[in-house]
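Undergrad: Listed below are the residues making up each chain.
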Amino acid sequence: MMSATGANKFGFAINRSRMIDYDSSDRKVREYITSREPSFRLCFACGGCTATCTAGQHTSFNLRRMNTYIRRGEIEPLREEVTRCMLCGKCLLVCPRGVNTRNVVAVAAEAIRKLERNEL
Amino acid sequence: MNSDLFVIPFNLGLYFILIYSVVRSVAWFRSLSRPDKLRLQRGFFGKPFMDSLREIFMESLLHRKIFRKNPVLGYMHMSLAFGWFLLIVFGTIEADFFGEKHLNPPSHAIFFRWFNPEHGAEGLARIYNVWMDFLLAFILSGLLLAVIKRFTPRMMGMKKTTRHTWTDRLALTSLWLIFPSRLLAESFTCGAHGSGSFLTGNLGSALASFLPAAEIAPWFWWLYSLSLGTFFFMLPVSRYFHIPVELFLIFMRNSGITTGDKHSSYTEVQTHACSSCGVCISVCQMSYAAGINDIQSAYFIKGLRNDRDISAITANCLMCGRCEEVCPVGIELGPMRLIERRQGERADRRLSLPERYSVMRKRSVTEKVPTQSYGYLVREEPEKAEVLFFAGCMTHLTPSVIAAMKKIMESAGVKYRFMDEKGGVCCGRPLMLAGRDREARELINHNSDIIWKSGAKILVTSCPICYKIFRESYYLEATVMHHSEFINLLIEEGSLRLGYLHRKVVYHDPCELGRGSGIYEEPRAVISYVAELLEASQERSMSLCCGGSLGNLTLASGKKAMIAADAARLLTMSSPDELITACPLCKKTFVQATKTKVSDIAELVAAALPAPSTRVARRRAARATVRANDAG
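If you read the protein sequences in the order shown, they are chains L and S. Residues in the first sequence are numbered from 1 upward in steps of one, following this note's numbering. Residues in the second sequence are numbered from 1001 upward in steps of one, following this note's numbering.
Wrong hints could be hidden among the right ones.
As the list claims (entries may be wrong) - Label-pair distances were calculated between CB atoms; the ranges are:
hint: 1; chain 1: S; residue 1: PRO1335; chain 2: L; residue 2: ALA13; range: 26 to 34 Å
hint: 2; chain 1: S; residue 1: ASP1309; chain 2: L; residue 2: LYS28; range: 17 to 25 Å
hint: 3; chain 1: L; residue 1: GLY98; chain 2: S; residue 2: TYR1376; range: 25 to 33 Å
hint: 4; chain 1: L; residue 1: GLU116; chain 2: S; residue 2: ASP1348; range: 17 to 25 Å
hint: 5; chain 1: S; residue 1: TYR1376; chain 2: L; residue 2: LYS28; range: 23 to 31 Å
hint: 6; chain 1: S; residue 1: PRO1335; chain 2: L; residue 2: GLU116; range: 28 to 36 Å
hint: 7; chain 1: L; residue 1: GLY98; chain 2: S; residue 2: VAL1369; range: 27 to 35 Å
hint: 8; chain 1: S; residue 1: VAL1369; chain 2: L; residue 2: LYS28; range: 47 to 55 Å
hint: 9; chain 1: L; residue 1: PHE44; chain 2: S; residue 2: ASP1348; range: 51 to 59 Å
Keep in mind the hints are simulated off the structure, nothing from the lab. Just so you know, even glycine gets a beta-carbon here, dropped at the ideal spot from N, CA and C.
Bound conformation, chain S alone:
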């Protein structure tokens, strides 16, 4: 039949994308490291496999994570993904069940109405038609929301939506055309033949009442097939490539593959799995508090995907980790950015279209030349100690925190040695955040040497920045504790006796301690022990960054102040007596941003210690009683 030619664009597109996906997956698999290959092979059996299937259903189809953050946005994604999935599944069943023969080519299911215009007049087929119309309506409702979101993101609860490249726009247009053109194509055919259900039937008869439906219908079937075909061809060079790639990513992640510290096919897969949904833009404080709208993770990933020079984007990030927390695809955005920071410069290339389709992209991986060297550091011979206290560079700028820690440890009778009392060496984390791992390693080695030689069992630090690197990149025998954990331990042991302060306080989770190291409960336990802890509007995993982060090398001080002011405002909404934090850098930053008193958790605890005068008095009184008893 000559008029069936319209299926060609769809068929070409479909077979292209299927073959392309397979070829590219094989290429990715082949370039995995050997251990990762084994992990992935094992990931296709047993529990990881079931986990992957469940995750694909819950996240890729139902979009549960987006639902939790924003129900309307979740519904939009679910109706498009799950709705389309159901339409394909039930369309295939329909063609298989009601069609002329079994095992039809996919085009027979997709264009079922064209091949069976009279179908669905009575019986089971009639009920089935209602269901198919319902599915189409379900998708169209999501599409309507998508259109609204694109033009007025605020209506969908998004602060900003992502800006797209021309390939993305072309793919987006064809995607948007798919479902309306299907609706019209089916309606015209149904109108001409008097078939169809509540949606296509009614719309069809309405259209047929004043239009020559039979003549118009083929045009819309052509449009439907063309938009499908265009969409499939644009898939690999647009953000919609995330649809197939995300499945691959889920299998990789559930097999236990992690980002690591170099570009690999896992980072490549993560790059393509990003849907540019813009949830990361919405939560970025740099965006809504400081008005910087071109550095967010969606743009970072996009730059990476298109091989652009993104050094400015890469550097300009607080590394607070909020975006990673909300990313519905679960891309490890922090490690990805750090890998890029470790790289040397990258030539800015405008990729040609064929290059974008290339299966394995050759990326120039130049490692940064070391610029710093610390040969001047003299090895120390430390005294032995059970507990080693490392204040950290930043804490030396808040001497009150050091004084408070000394008071607390003396009061609890802790025998400690103050490792950097006379000024120590930086922990290396700031260098690492700047992408200078090799230089950081020099400092790590220097500090590790001192810690090992001291024979300490516990290493206490007052700075979350140091804490994170001590835990993750140092090889130590000592247990690393942030001072909030250590104070909590002292309270639990009963070696620290504290009074109760009648103050209402709010706790701010520092990025490196909370999201960075997962320490949420200990500081709260300590604070609740000595004062009344109020809830903050954004806390724990969604806590705010103070803006002072060392993760950002290039952010101007004025912008930092804007972020700090916004965060301080949100934190002090319940008008607490004090804003408590557990990081000297956060403290320093907030002090300038709010009128509320800002203290470190150690200062709060030190204030709850019984006053020395009363202690002395009590001891004297006790001695006096002993003496009196002796005399008696």
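One chain only, chain L, in its complex shape:
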């Protein structure tokens, strides 16, 4: 479509990271997480958690990005992301919305495991 109109030639293409692929979107993980840790809904993606993250200083772990993956239902990148957290809890203290961030990661890991065993 884009190439047909030629708009992408002028820099108006959709940024890949902003594209939502509805075919691969899996809402089950998000639903599991919101039911187990309702405070997940409170997140307004300020990124405070990511700025303070202990694991984030050593690798590309990014809790804010992880939230985006969960909301969009992108399971593949999420699978990799949840393994990096150290559960240290710094994000919990900086979160201005009182999201129980540690449990979000723990429940997300649990959801992925259940998904693999077809239990979700």
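Using the hints provided, position chain S relative to the given structure of chain L.
TA: Same frame as chain L, but now just chain S:
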């Protein structure tokens, strides 16, 4: 004699419970690990054996620990346990001494009055009867308190009492019926025969004055025997199984067996030794400050005993350790919960009655699949240092504590290296508290490598959470010190010169440092050196949790705030100028919960350092004198 048939329920129950207890003990013994078996065998000789006997007398019969916490509750337990014990012992002696022959079956002692209705008219037997009546009255007074406690726990100084399952209720009812039915049975028999002492005699003659005592008496003897028999049969499937199991537990513990990190027959014994007394519920801050009343240790243990899915209960605990501190049975509740957290999911099973009687229960032990991995961590080559300072993740959120520690160590001339200045790796304790030991081990290995390579003699940390795991799960050559211990050392050495601050302060023991690691004195010594330390209403081993604990993965922030507000209120009752703590997490939590200034112990000490300007001035003055002397 046909009318003696009533002894059958009692006899059946008694022989059932005796055989069952022996069989189950043997099964538990057999499934112990080899070293634990040897420990237990050695525990039956010498000092451990004497210790066990003393403990059984002091705790299982007299209930000294409960007495200390709450005299009324202690009296209730003592009258039932010790009173019943005495009644059995003296009843046996009575039957042996005054009965027709020696070495009677137990039923002859228990139902002595039925078999000897005329007994105790004169002489020694008369005095003995007063004693037996006194014992019965002693038990009945405890029973009255127990009934009051069940219906109005607050009257007994308990904030809450435990909710029970139907087997517990049936056992409880039969237990409650035992002593009143004995009283009435003996009274009716005494009334019919004109015997008995101050209790059974008087009540008996009163009842006999308007009732046909001789006809009614057998009914109550039947009730007495039936309630005893029911109680014995319900024992293994109710909380009252703690009575025999606790004896076994005491022997195991005094032999040196500990909980460890896996389910074993020791955890099984601890599970059954829990009496669901509810003392743990009473001290739980989650209960009285946040209104969460279904996760306390009594319910945790009960869920474990009945093989229920208790994952939500297991996770929802601050791991503050207050319940373990007060548990009258001495169950290692913290380690038990951690074992359960380490487990994978457990199917929720409603156990059938026969299953509950099974001697060895098969419990699905599935280990948690690792979900985290830290292959991305790069090994570091640290510089050599005598003293290594590890601030910890949480301390990085309280930069004032780091600044204070730097100031203190510079002032004392300590040559240190700041291990995680640019952000280190988590110590692993939060993962361990979440039941993820394998993942924690990866972080432990990473940090241990850095500490070993640095060649440090002392590892100082500002975070009690790190401190606990450094001490317990790291294999280090360096001495691990919390900064309060280190500052205390510097003061004792004389390398730290401090002024006195005219402030009144209260000290809050962080859970991981106080109950968790037993560090109570050092922080107090440091604080008393620089300021006036007031007493807190609940401190040392009974100190409160700030509510911010990383031990609880699931508690909502609103509930945490409720716990924090309650704890802060109790701590600042004496209206101190400052609330001092030794944990960055406690500090962060309390700051939002109280108007009182909250500081870390390091900040307090840093404030007591002589101001740099005056030091510089003093040095200048000293130099000036030297110069003047040189010139002179």
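Undergrad: For the range 28 to 36 Å, tell me whether the beta carbons of S:PRO1335 and L:GLU116 fit it or not.
TA: holds (31 Å)
Undergrad: Confirm or reject the claim that S:TYR1376 and L:LYS28 have a C-beta distance inside 23 to 31 Å.
TA: Holds, at about 28 Å.
Undergrad: For the hint 26 to 34 Å, verify it against the beta carbon of S:PRO1335 and that of L:ALA13.
TA: Hint violated: Cβ distance 58 Å, outside 26 to 34 Å.
Undergrad: Could you say whether the range 27 to 35 Å given as a hint is met by the Cβ separation of L:GLY98 and S:VAL1369?
TA: Once the Cβ atoms are compared, 30 Å apart, the range 27 to 35 Å for S:VAL1369 and L:GLY98 holds.
Undergrad: At the C-beta level, are S:ASP1309 and L:LYS28 separated by a distance inside 17 to 25 Å?
TA: holds (21 Å)
Undergrad: Does the Cβ distance between S:VAL1369 and L:LYS28 fall inside 47 to 55 Å?
TA: Since S:VAL1369 and L:LYS28 have Cβ atoms about 19 Å apart, the given range 47 to 55 Å is violated.
Undergrad: Is it true that the C-beta distance of L:GLU116 to S:ASP1348 lies inside 17 to 25 Å, as the hint says?
TA: holds (22 Å)
Undergrad: Note whether the CB distance of L:PHE44 and S:ASP1348 lies within 51 to 59 Å or breaks it.
TA: Given about 36 Å between the Cβ atoms, the range is violated.
Undergrad: Taking 25 to 33 Å as the stated bounds, is the beta-carbon spacing between L:GLY98 and S:TYR1376 within them?
TA: Because 29 Å falls inside the window, the suggested range holds.
Of the numbered hints stated above, those contradicted by the structure are hints 1, 8 and 9, listed in ascending order.
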